[in-house]
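Enquirer: Sequence:
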Amino acid sequence: MKNQFTLAILLAVMFSLVSCQQNTEKTTSAEPEVPAAPPTQVTTGQVMESLPISQLEAIYTTCDFADFIFYEPSFSMSQDEPASIQQVLGLIAAQPATLDPACKPRGRVFFQVKGEDKLVADIYLGDQCNYFVFIENDKPAFANLMIPQGVQYFNNSIQQVLQMQQEAQQGH
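Taking the numbering used here, I'd label the letters of the sequence shown as residues 2 to 173.
Treat the hints with caution; some may be incorrect.
Here are the simulated DMTMM-like cross-link-like pairs (lysine to aspartate or glutamate), alpha carbons at most 20 Å apart as the crow flies [as the list claims (entries may be wrong)]:
#1 K140 / D81
#2 K115 / E137
#3 K115 / E73
#4 K119 / D65
#5 K119 / D101
#6 K140 / D101
#7 K105 / E82
#8 K105 / D139
#9 K115 / D65
#10 K119 / D139
#11 K115 / D81
#12 K105 / D81
#13 K119 / E58
#14 K119 / D68
#15 K119 / E73
#16 K105 / E73
#17 K115 / E50
#18 K119 / E50
#19 K140 / D118
#20 K119 / E168
#21 K105 / E58
#22 K140 / E117
Quick list of the computed label-pair ranges, beta carbon to beta carbon [unchecked claim]:
#23 Q166 / T99: 31 to 37 Å
#24 D65 / Q167: 21 to 27 Å
#25 D65 / K105: 25 to 31 Å
#26 K119 / A95: 17 to 23 Å
#27 Q166 / T63: 33 to 39 Å
#28 K115 / Q166: 17 to 23 Å
#29 T99 / P53: 36 to 42 Å
#30 P53 / P83: 29 to 35 Å
#31 Q47 / K115: 20 to 26 Å
#32 K105 / N138: 29 to 35 Å
#33 S55 / Q170: 44 to 50 Å
#34 Q167 / T62: 35 to 41 Å
Since the hints were derived computationally from the structure, they do not count as laboratory data.
Beta carbons: idealized from backbone N, C-alpha and C, even for Gly.
The whole structure should be built from the sequences, with the hints applied where relevant.
Expert: The following block contains the structure:
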């Protein structure tokens, strides 16, 4: 319980440093119930359409909750402050992504409005795999690049969790 509390505080501090606005972060390090990522059958170099700007704008103005589930390391975090959610949405580039079949999703984000999932995306992070693949009807529908600040944001989040998990294992 103490480790989860410490994890929540450290992630809240990290996100408040990243954001210009005050954030409310809720994070757990317990093994979240992770839905299986749908298999993305792509060919090398496949470029998917970009998420329509109208859809992104609608989520930007109405989303009241974002839930993130990461697979490796296994953790989840959520946001319920509009400024924090809008900051994350700002990490989505306008450019469509070129998918690499060698890349695997590192996590999934659920953008919700009044408890209902309105936009779901797999998060890809890696050497050549920095993009979001948006899921509709359990299938990849759109893909957008992630801006460099997004890569840094998610990598920092993962590093913080790894560090806290290591400290917890060492009994700190």
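Enquirer: Keeping to a limit of 20 Å between CA atoms, is the pair of K119 and E168 held or broken?
Expert: violated (36 Å)
Enquirer: Is the straight-line distance between the alpha-carbon of K140 and that of E117 20 Å or less?
Expert: holds (18 Å)
Enquirer: K115 and D65 were given as a pair; does the straight-line alpha-carbon distance stay at or below 20 Å?
Expert: holds (7 Å)
Enquirer: Using the Cβ atoms, figure out if P53 sits within 29 to 35 Å of P83.
Expert: With a Cβ separation near 21 Å, P53 and P83 fall outside 29 to 35 Å, so the hint is violated.
Enquirer: Take the C-alpha atoms of K119 and E73, compute the straight-line distance between them, and say whether it is at most 20 Å.
Expert: violated (25 Å)
Enquirer: K105 and D139 were given as a pair; does the straight-line alpha-carbon distance stay at or below 20 Å?
Expert: Within the cut-off at roughly 16 Å; holds.
Enquirer: For the hint 20 to 26 Å, verify it against the beta carbon of Q47 and that of K115.
Expert: 34 Å Cβ-Cβ, so the 20 to 26 Å window is violated.
Enquirer: Given the proposed pairing of K140 with D81, does the C-alpha separation stay at or below 20 Å?
Expert: violated (26 Å)
Enquirer: May I ask you to test the hint 29 to 35 Å on the CB atoms belonging to K105 and N138?
Expert: violated (21 Å)
Enquirer: Please verify whether K119 and D139 have alpha carbons no more than 20 Å apart.
Expert: Distance of about 13 Å is within 20 Å: holds.
Enquirer: For K140 and D118, compute the direct alpha-carbon distance and say whether it is at most 20 Å.
Expert: This hinted pair holds, its Cα atoms lying about 15 Å apart.
Enquirer: Taking 20 Å as the top limit, are the C-alpha atoms of K105 and D81 close enough?
Expert: violated (27 Å)
Comparing the model with each earlier hint shows violations of hints 1, 3, 5, 7, 12, 15, 17, 20, 21, 24, 28, 29, 30, 31 and 32; every other hint is respected.
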